[in-house]
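*Asks:* Mind docking chain B with the ligands on chain A? Use the hints.
Heads up: the sequence lines are chains A and B, in that order.
First residue of the first sequence: 2, per my numbering; consecutive thereafter.
First residue of the second sequence: 79, per my numbering; consecutive thereafter.
Just so you know, these hints were derived from the structure itself, not from any lab.
Where is the CB? At the ideal position from N, CA and C, for every residue including glycine.
Among the hints, a few may not be true.
Between beta-carbon pairs, the in silico distance windows are [unchecked claim]:
1. B:D197 / A:D399: 36 to 46 Å
2. B:I139 / A:E456: 53 to 63 Å
3. B:D97 / A:G428: 18 to 28 Å
4. A:G428 / B:S311: 30 to 40 Å
5. A:E384 / B:S258: 48 to 58 Å
6. B:K98 / A:G398: 55 to 65 Å
7. A:G398 / B:P278: 39 to 49 Å
8. A:Y180 / B:P200: 53 to 63 Å
9. A:K67 / B:N138: 51 to 61 Å
10. B:N138 / A:D399: 47 to 57 Å
11. B:P200 / A:E456: 27 to 37 Å
12. A:G428 / B:D90: 29 to 39 Å
13. B:R209 / A:K381: 51 to 61 Å
14. B:R209 / A:R202: 49 to 59 Å
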Amino acid sequence: MEDQEKILSEVTDSDYKYGFQTDIETETIPKGLNEDVVRLISSKKEEPEWLLESRLKAFRHWQSMKMPKWAHLTIPDINYQDIIFYAAPKQGAKYESMDEVDPELIDTFNKLGIPLEEQKQLAGVAVDAVMDSVSVKTTFQDTLADKGIIFCSFSEAVKNHPDLVKKYMGSVVPYTDNYFAALNSAVFSDGSFCHIPKGVRCPMELSTYFRINASNTGQFERTLIVAEDDSYVSYLEGCTAPMRDENQLHAAIVEIVAMENAEVKYSTVQNWYPGNKEGVGGIFNFVTKRGICKGDNSKISWTQVETGSAVTWKYPSCILRGNNSVGEFYSVAVTNNYQQADTGTKMMHIGKNTRSTIISKGISAGKSQNSYRGLVKVLKGAENARNFSQCDSLLLGDKCGAHTFPYLEVDNKSAIVEHEATTSKIGEDQIFYCNQRGIDTENAISLIVNGYAKEVLNKLPMEFAVEAQKLLALTLEGSVG
Amino acid sequence: MNEVNNMLEIKDLKVNIEDKEILKGINLTVNAGEVHAIMGPNGSGKSTLASALAGRDYFNITHGKVSYQGKDLLELTPEDRAREGIFLGFQYPVEIPGVSMVNFLRTAINQKRKYQGLDPMPAGDFLKLMREKKKVVEINSDLTNRSVNEGFSGGEKKKNEIFQMALLEPKLAILDETDSGLDIDALRIVANGVNNLRSPETATIIITHYQRLLDYIVPDFVHVLYKGRIVKSGDKTLAKELEEHGYDWIKQEVEYGNA
Ligand SMILES: Nc1ncnc2c1ncn2[C@@H]1O[C@H](COP(=O)(O)OP(=O)(O)OP(=O)(O)O)[C@@H](O)[C@H]1O
Ligand SMILES: [Mg+2]
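Next comes chain B alone, as it looks inside the complex:
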């Protein structure tokens, strides 16, 4: 195994919510330069995995290890994980009334810079950066002048996640159903945003229910999460199979295998 390439390594991760085991031993390795897609039926634990990686505190990690760029990820606070380059595109982005997008993102960028021992970004540079990235994700100026997600439509919220990702330039992006509720154009824009970020130094985990996003962002690996475990992994053709046949055959395999 190439240590330098190894971005994220999850080993036998078990997670509880209020004594109920949701993740029952996840193993997953993501190397720099790769795109992984995670699929799976509703309620199988996809968002739980994403949130646990981001550091949401009401999850109880009962077992397992996660290393991120050689660091023990579970030791880091959520904000430090973010500053170390982990970005979570939320399945349900949160509204923060009264806090302007500009203020929010400036604070985010400067807190990260502070963590890295850098001076705050001059206001002019920041506004230039905003303009640049706005173009990339074709987001309306109107939206970035408003409060964070307040009154945004479902699709606008998702686009805003990608805009923030573009601005914060993460090393590991975890996108939780960012494609749900998007129209065709928005889908293309989101895909562009992700593909722009793609490089040998970055990695992406895409959680999705639909093959169509994977037409734009071609994954290196596809995993199926079912009842808290990754029960099947494959290449992009696995996503096509799922689209055609649904999850039943996998469920059967699992139940049969368990029996």
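Only chain A is shown next, with the shape it has when bound in the complex:
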């Protein structure tokens, strides 16, 4: 409750708080995309031949593809020859101790509320900090290693755990999956890798913080999480970028594999720069996130709070292959000004007695467009599959749009699939009622919106729930009155 208070007093703060740029020497490669660029990225990262081959295959496939047009989004053509595909803060990519890290970098992450010094960190959260194309520092690696847990940057994993990477990379999201997955598979830079061995409950939250800093660059990270039998991990991803007039591209892939009885919770607080109030600038966010419940009784749970980006295209999904496996998707997506979001999930029921839950809360303000798009698919063999979906939209003002696109494909008669949807508005009467009790309009909206999104926010780890509440309020600042 004290936190609630802090949030409320901070609501009246600034616009986009993370819009600063770090003045640091950056090594970049020339703009543009072709096979040589793919080779250059691979050589910069000193990659083995198999990985280069895999990149090239993906690149050639991507060249044969077209940008998908089915989403409820208006996106200008992206000129891939005008984007820098690799940028790294100068100095060695990875630091052995804090003394080697550029103070500017430490300062940047401090300003973002992500101290890299372990002693200053929230106890119980290990962080992998990624700036532009490289991982800057991963904390608490030793503590985790004691339990046999691997948590490191993707590049390190390629060097130190090539067999695991080779086995699982692309096993959930193949490069052929979609346009942006192919692009990422060709040019991905860094990201996080996490492996939880059999029977281990990860003792702390694992977290990756992505920061775009350099201009004209795209960010293409990849995350791979493998949870072996009877293991558990909770993972959190956060992201921000400086304010710029030009759009920047972010196309990521996240893959999760959960074996028998394993549980993976993946939470995202997405706060890329959304563009200014007139809709200039902002991040184009095209992300493919998918998890497979491979073993029986496994569970994957996606929780996302989407407040940033000019355009969001994102459908964290679950393939429920193991019998009795469980998939969950909890989402709050907020759009203001000219932001556009088309987000949702896919639940693929393959195993018997598989269950999925979808709770989506869209909040639209300004002239924004907010769509939920979700597919529930029950295959022939999925006896007794259950799905419950609830999609709520909340509108602030009458110039924004909320849309719901539920798709259902059920091939087994024993399935029970429920879908509920509501649309509501924050009424003038509600605001005035709050005003009359001494609560100003900003705080009234914050109360109402956080109340509306409570069901989802409650799913986030405590520290991040607080952060997320603040963000909701900030994103909607100035949207009424």
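*Replies:* Just chain B with the ligands, lined up with the frame of chain A:
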């Protein structure tokens, strides 16, 4: 006139809704320590007066002055009016799904404290205060654990208004038909709530259609609002007369007087 005592002074207040004049020149002075009752037929403008005092923005104030504790009330935002001690008990309290009573009231209290330059109230103190006031208005714990007014019965909503009033301790309470739809016990509780707040420093304006509430809360003055004007004022016996004879005789007086 005693400046210190003067709580609210309304001078020739005219209010429009979409070009239609609803209040046609209201004059009313309320001193600290007083209870005023406003009665009048449906549609005469009672709620409009209450809302205009609270700062509802779709009303157009075309003429007049309102001073509250020496300040120009019409210059203040609705939230500042509330923080300065004006409380409106709504005729139709609003439901706010998802927002818990606790959160709502804590925010209200702390925003007021911030306005007064005070630190937020510690969580423990706040919960204690809630418990205390819940007892005063005999409100069910169950209700305060729910979202603001969501699914409350008509009577529960009214009781909740009084509960909020008790908690926020206003200087000037304006209660718009808080007695409508209450059972006998609730009526007594509401009256208790109001009487508890009564002090030489506070004042209350009670809008009601029924004499029976005024048996519990004895008003110092009774006013009749008709067609946007206060056409008659008197003491508590006026309410009794209205109960017995209805409004016809007043209407006739007005029409006759106007003719
Ligand atoms: N928002 C509004 N838009 C249009 N007309 C309104 C609005 N609010 C009030 N009115 C009109 O103003 C007049 C006065 O209404 P008001 O609610 O103040 O009456 P009242 O005296 O409180 O009546 P009651 O005893 O029925 O509560 C009525 O004719 C009503 O229709
Ligand atoms: Mg009324």
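*Asks:* Quick one: are P200 (chain B) and E456 (chain A) within 27 to 37 Å, going by C-beta?
*Replies:* holds, 28 Å
*Asks:* Does the Cβ distance between G428 (chain A) and D90 (chain B) fall inside 29 to 39 Å?
*Replies:* Given range 29 to 39 Å: holds, Cβ gap about 33 Å.
*Asks:* Quick check on a hinted range of 39 to 49 Å for G398 (chain A) and P278 (chain B), using CB atoms only.
*Replies:* Holds, since G398 (chain A) and P278 (chain B) (Cβ atoms, about 46 Å apart) stay within the stated range.
*Asks:* If you check the beta carbons of N138 (chain B) and D399 (chain A), does the distance land in 47 to 57 Å?
*Replies:* violated, 22 Å
*Asks:* Per the hint of 36 to 46 Å, is the separation of the Cβ atoms of D197 (chain B) and D399 (chain A) within bounds?
*Replies:* The hinted range 36 to 46 Å holds for D197 (chain B) and D399 (chain A), with Cβ atoms some 39 Å apart.
*Asks:* Taking the beta carbons of K67 (chain A) and N138 (chain B), is their distance inside 51 to 61 Å?
*Replies:* holds, 56 Å
*Asks:* Measuring from beta carbon to beta carbon, are R209 (chain B) and R202 (chain A) in 49 to 59 Å?
*Replies:* Since R209 (chain B) and R202 (chain A) have Cβ atoms about 40 Å apart, the given range 49 to 59 Å is violated.
*Asks:* A range of 48 to 58 Å was offered for this pair. Does it hold for the Cβ distance of E384 (chain A) and S258 (chain B)?
*Replies:* Once the Cβ atoms are compared, 57 Å apart, the range 48 to 58 Å for S258 (chain B) and E384 (chain A) holds.
*Asks:* Holds or violated: the 55 to 65 Å window for the beta-carbon distance between K98 (chain B) and G398 (chain A)?
*Replies:* violated, 26 Å
*Asks:* May I ask you to test the hint 30 to 40 Å on the CB atoms belonging to G428 (chain A) and S311 (chain B)?
*Replies:* Given a distance of about 36 Å, which is inside 30 to 40 Å, the answer is holds.
*Asks:* Mind checking the hinted window 53 to 63 Å against the Cβ distance between I139 (chain B) and E456 (chain A)?
*Replies:* The hinted range 53 to 63 Å is violated for I139 (chain B) and E456 (chain A), with Cβ atoms some 42 Å apart.
*Asks:* Take the C-beta atom of R209 (chain B) and the C-beta atom of K381 (chain A), compute their distance, and say whether it sits inside 51 to 61 Å.
*Replies:* holds, 58 Å
When each numbered hint is compared with the structure, violations occur for hints 2, 6, 10, 14.
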